[in-house]
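S.K.: Following the hints, put chain P in place on chain W, whose structure we already have.
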Amino acid sequence: MMQRQVLMGINGDEAVAYATKQVNPDVLAAYPITPQTIIVERFSEYVADGLVDTEFVAVESEHSALSNCIGAAAAGARAFTASAANGLALMWEMTYIAASLRLPIVMAIVNRALPGPINIHNDHSDSMGARDCGWIQVYCENSQEVYDACIEAWRMGEHPDVQLPVMVCLDGFTLSHTMENVLTLPDEEVEGFVGERGYMTIRGHMGDAEFRLDPETPLTMGPCDLQDFYFEHKLQQVEAMKQALDAIPEVDAEYAKVSGRRYGLIHPYRMEDAEVALVGLGSTMGTVRHVVDGLREEGVKAGLVKIRVFRPFPEEDILEAVGDVPVVGVLDKSASFGAPGGPLYEEVKTTFYDESDRPLIADYIYGLGGRDASQGLIRGIFRSLEGIRSRGEVAEKVSFVGVRE
Amino acid sequence: MSDLTLREAARKPDLLAPGHRLCAGCGESIIVRMVLKAVRGPTMATTATGCLEVSTTIFPYTAWNLPWIHSAFENAAATASGMEAAWQAMRRRGRGPLAKYETLDIIAFAGDGGTYDIGLQALSGALERGHDFTYVLLDNEAYMNTGIQRSGGTPRAAATTTSPAGRVIPGKREWKKPIDEIVVAHEIPYVATMSAAYPMDVLRKARRAFEAEGPAFLHAIVPCARGWRYPPEKTIEVSRLAVQTCIFPLWECRLEGGRPVYRLSAASSAIARRPEAKKPVEEYLEIQGRFRHLFRPERRGDIVDSIQAWVDNRWELLLERAGL
Numbered sequence: 002m003m004q005r006q007v008l009m010g011i012n013g014d015e016a017v018a019y020a021t022k023q024v025n026p027d028v029l030a031a032y033p034i035t036p037q038t039i040i041v042e043r044f045s046e047y048v049a050d051g052l053v054d055t056e057f058v059a060v061e062s063e064h065s066a067l068s069n070c071i072g073a074a075a076a077g078a079r080a081f082t083a084s085a086a087n088g089l090a091l092m093w094e095m096t097y098i099a100a101s102l103r104l105p106i107v108m109a110i111v112n113r114a115l116p117g118p119i120n121i122h123n124d125h126s127d128s129m130g131a132r133d134c135g136w137i138q139v140y141c142e143n144s145q146e147v148y149d150a151c152i153e154a155w156r157m158g159e160h161p162d163v164q165l166p167v168m169v170c171l172d173g174f175t176l177s178h179t180m181e182n183v184l185t186l187p188d189e190e191v192e193g194f195v196g197e198r199g200y201m202t203i204r205g206h207m208g209d210a211e212f213r214l215d216p217e218t219p220l221t222m223g224p225c226d227l228q229d230f231y232f233e234h235k236l237q238q239v240e241a242m243k244q245a246l247d248a249i250p251e252v253d254a255e256y257a258k259v260s261g262r263r264y265g266l267i268h269p270y271r272m273e274d275a276e277v278a279l280v281g282l283g284s285t286m287g288t289v290r291h292v293v294d295g296l297r298e299e300g301v302k303a304g305l306v307k308i309r310v311f312r313p314f315p316e317e318d319i320l321e322a323v324g325d326v327p328v329v330g331v332l333d334k335s336a337s338f339g340a341p342g343g344p345l346y347e348e349v350k351t352t353f354y355d356e357s358d359r360p361l362i363a364d365y366i367y368g369l370g371g372r373d374a375s376q377g378l379i380r381g382i383f384r385s386l387e388g389i390r391s392r393g394e395v396a397e398k399v400s401f402v403g404v405r406e
Numbered sequence: 334m335s336d337l338t339l340r341e342a343a344r345k346p347d348l349l350a351p352g353h354r355l356c357a358g359c360g361e362s363i364i365v366r367m368v369l370k371a372v373r374g375p376t377m378a379t380t381a382t383g384c385l386e387v388s389t390t391i392f393p394y395t396a397w398n399l400p401w402i403h404s405a406f407e408n409a410a411a412t413a414s415g416m417e418a419a420w421q422a423m424r425r426r427g428r429g430p431l432a433k434y435e436t437l438d439i440i441a442f443a444g445d446g447g448t449y450d451i452g453l454q455a456l457s458g459a460l461e462r463g464h465d466f467t468y469v470l471l472d473n474e475a476y477m478n479t480g481i482q483r484s485g486g487t488p489r490a491a492a493t494t495t496s497p498a499g500r501v502i503p504g505k506r507e508w509k510k511p512i513d514e515i516v517v518a519h520e521i522p523y524v525a526t527m528s529a530a531y532p533m534d535v536l537r538k539a540r541r542a543f544e545a546e547g548p549a550f551l552h553a554i555v556p557c558a559r560g561w562r563y564p565p566e567k568t569i570e571v572s573r574l575a576v577q578t579c580i581f582p583l584w585e586c587r588l589e590g591g592r593p594v595y596r597l598s599a600a601s602s603a604i605a606r607r608p609e610a611k612k613p614v615e616e617y618l619e620i621q622g623r624f625r626h627l628f629r630p631e632r633r634g635d636i637v638d639s640i641q642a643w644v645d646n647r648w649e650l651l652l653e654r655a656g657l
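In order, the protein sequence lines correspond to chains W and P. Taking the working numbering as reference, the numbering of the first sequence is continuous, increasing by one, and the terminal residue is 406. Taking the working numbering as reference, the numbering of the second sequence is continuous, increasing by one, and the terminal residue is 657.
The following block holds chain W by itself, in its conformation from the complex (with noise of 0.2 Å):
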């Protein structure tokens, strides 16, 4: 049934703020970085307003934060924390930790270009930088998206057969700064789509017990794990990354009753009938949407393949998606020094080298360090995807696009 909504002009970070607020965790530890702060500044209202009744700790670093939320997720709790570059890396540590515990923490990252040199606008750097350490990503094109996304988070990581956590990246500036209208469900719409938490079930020599501490069921986590069971603990990790592939779509049938809205691991545009199609993540894909309309009504057939969720990876979704269309451009905002292209384009590519008919793929890096992404540098992406489909050939594998002369 859908529940009347309140639509409010708010920017990305307070609809990371305002979510929080109705899901209203056990445990929110945080500690304030551009551009994630308004976050933190948010929640710490509500916290003195009354209007949550979570605990709040404002930790003296993001590896404390992290760890934070690690020792109340393990005790039960629900617990989250947002940062952003800089914060991100220093959790690094914590980050696979996290998710080898199987704790279903749910973290907001506003994507910010890593230093040096210091920068503090958008790219992916931050969390393309996370992609192996076993957290969900999902990425966000506007607040919209965002406040969505971060109240699915806790049923994703929390589905019994994920138990992962799960990160939540909009990108900076772009979307934590800027006001955008956002419909927002009732408090009790909130709460009773994220329930309880759930728990996992683990056998032990007493018998079973749920996965968390507790006096009257008292487990040992995260013991010390040698050569022989070590990848077994990994190998569940892995198959809990590949069931949320099935779990993620589930949450999102269950969220679009409540809130009309509905999000798949991927977005198709205009793909049905495209001869040349771009498939990126993050707020550029609004302004590449944009593109592709005005292309279509100037001749070109244009498409877009939006990911939404980077990890797990929607490989069957993509090449559903993309189909037969001949050329793809692959949009990544963050470089990956050394290697054959940026973290998106190499799974894209990997995705289809299984295919026997498959899309000629170029990669394209752009906007590292907030460099814009206007209509103009998309359009010109579409017309190099263009002359890769008339020479047949891709010439230039990975460009830098925007970069000055």
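Think of the hints as simulated: they come from the structure by calculation, not from any bench. Take the hints with a grain of salt, since some may be wrong.
[Unchecked claim] Derived list of chain W stretches under chain P, where covered just means 3 residues or more per stretch with a C-beta under 8 Å from a C-beta of chain P:
(1) 49–59
(2) 76–82
(3) 300–310
[Said to hold, decoys possible] Examples of chain P residues lying across from chain W (beta carbon under 10 Å, computed):
(4) 374
(5) 439
(6) 459
(7) 497
(8) 499
Beta carbons: idealized from backbone N, C-alpha and C, even for Gly.
M.R.: Structure of chain P alone, referenced to chain W:
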């Protein structure tokens, strides 16, 4: 406050079970078992990376008969503060699996590396925020788990694998970091030092720490037979000499009326009353191989004297603080 009697302690089951892989004579397991005897009821613990963690939890085995977590090296205090935050939130809301526990003794065990060095920031943050937990510093004065490297807690002149006694440099050049003063400066309710040679003192202090409202810090000297180079059966003897020579005096400090009030514990206050009972630090140094180079091939009286002067100075400072 309710102190445990020895009889009561002896009857309580061990929360750290035998069969773990810590070395014979390890000072850590002795202190941990004693501290856990003093818990009031429901308890949870976290342990920083180190000997205690790796030797007690080699999967699929565990020596812990209580809910226990290890997450990393530098964050025992941060992890414990999260456990405490979870409990506080559930208590306040009256829902969640921990809501039913009226007391919950939350303990962070960490070594000197995880406290003096890499974990100092997380510790300071957790103390400043005032989480209700007990931090137990198991001070064996070097990174023993990685093979005896010097830490901020290593005493001057001790030979470690990264402060070896060489031809030119005779062991560690720096003095031991005054961690207790750093902790006391955080104005937390309870700070105490302890030695396994004085078990009733350990039990009493651990119970006080659990009862304190807010953070409590217990600093235990835990001799390491491997790293300190003495026969494993001498752990208690070394623990006792540390106190008798006043290189590691026993005291507790409470915050009363916003001021730190130091009180010497029985073993050390006896020395304060009878200064002639204070043994020369040489007796403590010479039974440990890590200080062998101070005595062989020739006696380095200059260094021994400098250590004695350091001990005397710190002891006097403590007496002043204790108003003696």
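S.K.: Mind listing which of the numbered hints don't hold for this structure, in increasing order?
M.R.: Checked against the structure, the hints that fail are numbers 3, 7, 8, while the rest are satisfied.
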